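> Sequence:
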Amino acid sequence: MSRQLRYEDVRIWAPWGDISGRWYGNRTERPILAIHGWLDNLGTFDTLIPLLPDYLGVLCIDLPGHGKSARISNGMHYSVLDYVYIIPRVMKEYKWTKISLLGHSLGGILSFVYSSLAPHTVDMIITVDVLLPLMYPPKAAIRTARFNMEKHLIEDERQENGKLQEPPSYTLSQLREVISSGSKYSVPPEFAQHLLYRSVAKSNLYPDKFYFSRDGRIKFYSPIIMDGGLAAEMARRIKRKPYLVIKGSESPFIGPHCDEALSILSHDNPHYEYYELSGTHHVHLHNAEECAKYIVPFIRRHRPPPVASWSLVCEDDQKISKKEHRRFQERFFKWNTRQQRSKL
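Residue numbers (this note's numbering): 4 to 347.
No wet-lab data here; the hints were simulated from the structure. For clarity, every value in this text was computed on a predicted model and none was experimentally measured. Hints may be right or wrong, so weigh each one.
Simulated pairs of lysine-lysine, DSSO-like, Cα-Cα distance not exceeding 27 angstroms [as the list claims (entries may be wrong)]:
id : residue 1 : residue 2
1  : K205      : K242
2  : K101      : K244
3  : K154      : K101
4  : K212      : K98
5  : K71       : K242
6  : K244      : K296
7  : K205      : K187
8  : K142      : K101
9  : K242      : K222
10 : K98       : K187
11 : K95       : K296
12 : K244      : K71
13 : K142      : K95
14 : K244      : K222
FRET-style restraints, in silico, Cβ to Cβ [to be verified]:
id : residue 1 : residue 2 : range
15 : R161      : P273      : 25 to 33 angstroms
16 : P273      : S206      : 16 to 24 angstroms
17 : S281      : S82       : 31 to 39 angstroms
18 : L137      : R92       : 22 to 30 angstroms
19 : D211      : D271      : 18 to 26 angstroms
20 : N272      : M79       : 44 to 52 angstroms
21 : H270      : Y188      : 33 to 41 angstroms
22 : P191      : L137      : 20 to 28 angstroms
23 : K101      : I228      : 23 to 31 angstroms
24 : W99       : K154      : 18 to 26 angstroms
25 : L208      : P122      : 27 to 35 angstroms
26 : E153      : D271      : 30 to 38 angstroms
27 : K242      : Q177      : 46 to 54 angstroms
28 : R240      : Y277      : 32 to 40 angstroms
Using N, Cα and C, we set each Cβ at its ideal position, and we do this for glycine too.
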């Protein structure tokens, strides 16, 4: 069976403002929580969602300062550890005692950190092209911290006194190129639309142009400082949890600095899986069907459908179902493209 097309836009209360989300599919069962990467938004999962099992919903969220979610208060700054707290906040909102996590890039780091802090609450982790944050040599780490501090103060000044100055504006074709080049072409221009429709607003100064509406401060967030010893200890706390790691073949984000943690996660763990697929850091966006080949059976093993949804079908019925599923995907992509264009 194919995933339902319908979704519901949701708002999750937070003291600084709402966290925006989009809940796809089944609302009667606890969904998978999907968390995007740095500077992206929940649109990053647009091409993957219709390929996932239809019996289980997916709640995609925009992290604070990204997409349609509220910004934090003026004068404050963003950090990885503060983003980790979003996961238990969502759990509290929906009264979940367990969580299933799907994360790309920063979302994968948040999933790893949270799972190490509260492993008893996690039943499954899927991470796309990341495990740990990059580990910089001390001098490089200091240079980065200083740069972020200086730039953050400049951005603070731009936003102070509630007089937010409009950022530079672009045409839609220019924005697609900015998204693509800004990701070092990890996002092909033809896929940039999936990230644009929640990240831009119409310019008040130039009628035919748009600007990035996300909070400029997120570009200078505080990363988590993690050395090999801390990463290894965090991996040990996760123990034998079902953990699926997908790496893009053209991406450097899962490298030698992850080897020890990956070894610990995989040791004596029949529920650990690792695959390297053709693609960039955004492999889940531009190569979604290949990713789904591994994500779908992993979900079915560790979040199987309720017994009531099981059915016995013959081989011919399965072939028909696959054709119907493919037609559904095509309709979904066409519909989603129209929706995005209409919002711009």
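> With the threshold set at 27 angstroms, check whether the alpha-carbon distance from K244 to K296 stays at or below it.
Holds: K244 and K296 sit about 20 angstroms apart, inside 27 angstroms.
> Verify the CB-CB distance for R161 and P273 against the hinted window 25 to 33 angstroms.
52 angstroms, violated
> With 32 to 40 angstroms as the target window, see if R240 and Y277 comply at their CB atoms.
Between R240 and Y277, where Cβ atoms are some 19 angstroms apart, the hint is violated.
> Does the alpha-carbon distance linking K244 and K71 stay inside the 27 angstroms limit?
Cα-Cα ~32 angstroms, so violated.
> Sort out whether K222 lies within 27 angstroms of K242, counting only the CA atoms.
33 angstroms, violated
> Quick one: are H270 and Y188 within 33 to 41 angstroms, going by C-beta?
36 angstroms, holds
> Does K142 pair with K101 here, judged by a C-alpha cut-off of 27 angstroms?
40 angstroms, violated
> Hinted pair, alpha-carbon criterion (27 angstroms max): K95, K296. Please report holds or violated.
32 angstroms, violated
> For the hint 18 to 26 angstroms, verify it against the beta carbon of D211 and that of D271.
60 angstroms, violated
> Measuring from beta carbon to beta carbon, are K242 and Q177 in 46 to 54 angstroms?
48 angstroms, holds
> Check the hint pairing K71 with K242 against an upper bound of 27 angstroms on the C-alpha distance.
35 angstroms, violated
> Using the Cβ atoms, figure out if L137 sits within 22 to 30 angstroms of R92.
26 angstroms, holds
Of the numbered hints given earlier, the model fails hints 1, 3, 4, 5, 8, 9, 10, 11, 12, 13, 14, 15, 16, 19, 20, 24, 25, 26 and 28; all others are met.
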